[in-house]
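Undergrad: Given next are the chains, with one letter for each unit.
4 protein chains.
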Amino acid sequence: MKALAKTSSREGLELVEAETPRPGPGEVLIKVAAASICGTDLHIYSWDEWSRSRISPPRIIGHEFCGHVEEVGPGVEGFAPGDYVSAETHIYCGRCYMCRTGRAHLCENVSIIGIDRDGAFAEYIVVPAKVLWKNDPALPAKIASLQEPFGNAVHAVKRAEVGGKRVVIIGDGPIGIFACAIARVLGARDVWLVGLSETRLAAGRRLGADAVVNASSRDPVAAIREWTGGKGADVVLEMSGSPAAWDNALRAVRPGGRVIAFGLSRDKIPWDLNRGVFKDIEVLGIVGRLIFETWYEASELLAELDLTPAVTDELPLEEFEAGFERLFRREAVKVVLYP
Amino acid sequence: MKALAKTSSREGLELVEAETPRPGPGEVLIKVAAASICGTDLHIYSWDEWSRSRISPPRIIGHEFCGHVEEVGPGVEGFAPGDYVSAETHIYCGRCYMCRTGRAHLCENVSIIGIDRDGAFAEYIVVPAKVLWKNDPALPAKIASLQEPFGNAVHAVKRAEVGGKRVVIIGDGPIGIFACAIARVLGARDVWLVGLSETRLAAGRRLGADAVVNASSRDPVAAIREWTGGKGADVVLEMSGSPAAWDNALRAVRPGGRVIAFGLSRDKIPWDLNRGVFKDIEVLGIVGRLIFETWYEASELLAELDLTPAVTDELPLEEFEAGFERLFRREAVKVVLYP
Amino acid sequence: MKALAKTSSREGLELVEAETPRPGPGEVLIKVAAASICGTDLHIYSWDEWSRSRISPPRIIGHEFCGHVEEVGPGVEGFAPGDYVSAETHIYCGRCYMCRTGRAHLCENVSIIGIDRDGAFAEYIVVPAKVLWKNDPALPAKIASLQEPFGNAVHAVKRAEVGGKRVVIIGDGPIGIFACAIARVLGARDVWLVGLSETRLAAGRRLGADAVVNASSRDPVAAIREWTGGKGADVVLEMSGSPAAWDNALRAVRPGGRVIAFGLSRDKIPWDLNRGVFKDIEVLGIVGRLIFETWYEASELLAELDLTPAVTDELPLEEFEAGFERLFRREAVKVVLYP
Amino acid sequence: MKALAKTSSREGLELVEAETPRPGPGEVLIKVAAASICGTDLHIYSWDEWSRSRISPPRIIGHEFCGHVEEVGPGVEGFAPGDYVSAETHIYCGRCYMCRTGRAHLCENVSIIGIDRDGAFAEYIVVPAKVLWKNDPALPAKIASLQEPFGNAVHAVKRAEVGGKRVVIIGDGPIGIFACAIARVLGARDVWLVGLSETRLAAGRRLGADAVVNASSRDPVAAIREWTGGKGADVVLEMSGSPAAWDNALRAVRPGGRVIAFGLSRDKIPWDLNRGVFKDIEVLGIVGRLIFETWYEASELLAELDLTPAVTDELPLEEFEAGFERLFRREAVKVVLYP
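Chains as they are written, first to last, in the numbering used here: chain A, 1 to 339; chain B, 1001 to 1339; chain C, 2001 to 2339; chain D, 3001 to 3339.
You may find that some hints are simply not true.
[Stated by the list, open to error] Listed next, the in silico EDC-like pairs over lysine to aspartate or glutamate satisfying Cα-Cα at most 20 Å (straight line):
| id | chain 1 | residue 1 | chain 2 | residue 2 |
| --- | --- | --- | --- | --- |
| 1 | B | K1158 | D | E3161 |
| 2 | A | K158 | C | E2108 |
| 3 | B | K1134 | C | E2108 |
| 4 | A | K231 | C | D2190 |
| 5 | B | K1002 | B | E1070 |
| 6 | B | K1134 | B | E1071 |
[Said to hold, decoys possible] Heads up, incomplete: computed chain D residues facing chain A, CB under 7 Å, no partners named:
| id | residue |
| --- | --- |
| 7 | R3022 |
| 8 | G3024 |
| 9 | G3082 |
| 10 | T3101 |
| 11 | F3292 |
[To be verified] Over 12 Å on every C-beta distance to chain C, these chain A residues come out as not near it, computed from the model:
| id | residue |
| --- | --- |
| 12 | V131 |
| 13 | K268 |
| 14 | R330 |
Since the hints were made in silico from the structure, they are not lab data.
We treat Cβ as the ideally placed atom computed from N, Cα and C, and that holds for glycine.
Let the hints inform the model, and build the full structure from the sequences given.
TA: Okay, structure coming up:
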């Protein structure tokens, strides 16, 4: 089969002809309908420090996808050929303390699709049945492939408890843009998006932000103070990982407010501890999605909102280079590949 | 009357003869029975950057105290001469958004005793009746004077939700030591104290810590890993404000755990953002005490535990220099002054 | 001045000429602009068992109102003649355990406007400044007078945590109808209203209910099962107080769901304990509003939704009999009186 | 093998010779070391209405047990012959909405050991590996067999959030008695037990109650008012299911307090709705245990407290009649049977 893989220890990816995998016990073979590119895939492409420490080539990458069940392995119940599915990326062990206490997204023995095992930028993929999610047949493939990152945003916004609140989202990547849509549907009083790319800020507005601010041309804290009558935001979702954004987050949130820590940073960031303490704020680190609580919530939300404006590019798998390039240049929001 | 004051813009404090204040409308005059020295008083003594920016000499300092009502001003209800009282240090306005939504400890117009108005290192003090708390007549003066900092610790430990949990407290100052006692009474599974002073660690043990570690001679994270069978602490209370302690806190807490941010730091600290995100932890900034929910809780707890081991020094007000010196040298835990 | 009062121990109310009250220390005299009739006022009119045990005639009644400050008593700060205000009905003492721990709505010494002291169905009313709330000058008087009952609904819906949830509201009185609007704005996935009056159910639809069911012609539990694909509602707000409604609430809520107990019942109700236990549900009793957290929230919400459809009748105070009659016949939703 | 079974549709149980079961795929065969009698077993013995509607004879009963793995079926990982284990009673499907959202104890397709499939009053039992729990080898068999009901109590007390609180437990059955011990260890300020049996109340005292009241000789509400200085209990755990107890619970809890609904009642109970509403209380229905969060918590707690006083009777399986009789007469607390 056709597949996109990191074949050796250097920058770039290669379109290869790979052997079609077979489902073992408890596993399912899926014919991929669509797969979208994640920021993690850009890191692997670039072959940065993290990728070099984590990925062992050859590895087929890609973990956001949807497709149809082609074949079920021995012992699989509840799935049959033809089922339209997506998958939770974190293959949890089910036996560790975290898994046995309702926090499988923090599994101590997690294996991640497209990183620790072969992924979805291919015609076929094999995954354990336990991570599969049945999609609504009416959901277009390009939207169904986005549920994994959309679920990140759902989990983050749910933890933010946005109903009736003034909400600031910092970071105009796909998750930040999804978060705008979700906060809007979940009853936020106001949703403001802070970012650096006019294209992406415009997508944020289309998906639900009441106002946006480009941090390269205006001080976001000043804007937020103005919007909130000097009071500050009830909740800030920090989805960029930049030190400047963290400073803004701590300054923009009101005393007693909440900050969601979602964006990652290669290095430690300088943290204004006293401000956090004196403001009596809560900072909640968010990783992954609740398995499968978030998937249920995401499905409900997808029935109410339209992510189409976030899919800026759709390409055959063969033209992957164009998609990666558009993302590296921050011209695209989400790029969907069709194998 | 006799009083201890910052009389001019330089290091040190001076024992002065001041005019005995009179209670205005809604105010109460209190004859001070005992007053204890807080870390804030050390900053004011040293006349550091913060003190210089905040304090306008001449100012009588001191804010942890107890005493007896001497005279009530016009319009005061519920207090009469002879009542044995302590006081909440944060004089809240009662009219701002924070005050009107149950968060008076975050009052936007707060005035602090011994900082923004004359304090308790004196024979008499005047405070508004609304911040007064009636003490149990059986409570010794030296303990009654500690309720304000003890309340800090109560508020921090309550927010940590320690019942059945493995609890690490970093910082062997008085609040950290009080926190050991409180966590013990509130049902913590294990209480471990991390500090730098053998004297203070010993006080922590006497007040309730199951084990202590001196971070100057042993890696606290290694110790915590050993104590918790490699799992990490359920909750860490960071009460030192040092960058190294923050690194330890993030490393020592288990995934999905909670960190209480209580200690203050003059400078920004380097913060391992990714660790906080990937571990899915909650960081809760804690300032002051809930007014008066924490005072009720503190009173209940004082009926069950004995803070006497924390009072290492008792001195007449005139000998204040000795007390400050013992604290600067970290030889004392709490120093109580008697005017 | 003109006033509507219970003048003797029998059914009915009387329009009387009363002395205009004067504000004492801490009090404010308000010229009433509009006042709306509450279910409690109907009980007092009927002179039922509860009223007879609680009200001492003569008593001017009415507690939902707005107006303009006419005169401030000694010691009042923050209010001046001309201010446009409404008032929290529960005059809290500020000194009991509940008041001092952020739960003034549960004050142990509460005095209620229009019940324990003279009320707002009059040209003027005197209330303590501490219960006053400044209205947005742009808010029409008929809407401003509704904030107190609207606040009941806000508090109930906030406690229900409706974001993304399937919400059932049982009871088509004004609070139930307001709750539809609030749940809609706060991001409920679906809002369903169960009631008995076609007029009121229609008002519920106009204010935000996705669907309504008249329990006199269709089994509400069957309807809710159908709407939720057999799963049950995530949250049920019981706002009628009828035994049948409670049975429906416990049957309609999903396992692990939440029920808000708001409606009152003269007698004990038969309660299906096992169902509540086996379903692992939470039942939260809700009374009053948070003082003033709910008032802030209500103000925010009034900027986003329009309660006009709920005001079915507007009458001069003199024509109060017509308003009470329309309410006793359940033909009106809210009746606003203008003194 | 030897087994205790309901062999026909009438009162009583019969000791029978049954075929030793074999473990299927994913199942494990366990040699039972000890099994304790639950209230549910008394219902089945009596053959009451509920039992008749639920149990299909012949059925080996018993669900609280411990033992050693004898043989593992195909596909079982993580267990081996000789492992010392107990089991969660609720065999969850793992595929329904409740199971996939962290609430397996509310599984929509649950099958219960000793009710829906053969149980543990036998020399051997087969259960799916997924419900097994590995015991500390040092835990005596009679205590290990109690973990399932002990877990009920743990779950109930955890939801009650007892740290620093005044706690009333109504019901002196084994779960109520366990709850005393747990509330004590988890930091309750005071633990009071209300019951009807002097023997059991005495066991409650030994396990941690500060005081007990026999409701047949003294009004429990009066006692609780006295204990709490008129304020009421912060939390009441209702573990009896009697209508009188519910009345007491609602009267004894303070405004803003919490009531845990655990006890079951054959009939609906009369419920003082207005009291619940006006007091602003929370009622939380509790069923089962969190799988396996509660098991971890229970294990931790068993390391700190000793349930031995609760095991009043230990008998060989053959003498089961004596054990059941002692329980029907309420002379025993827990009866452990050894096959």
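Undergrad: Honestly, which of those hints from before does the structure not fit?
TA: Going through the list in order, the structure violates hints 2, 4, 7, 8, 9 and respects the others.
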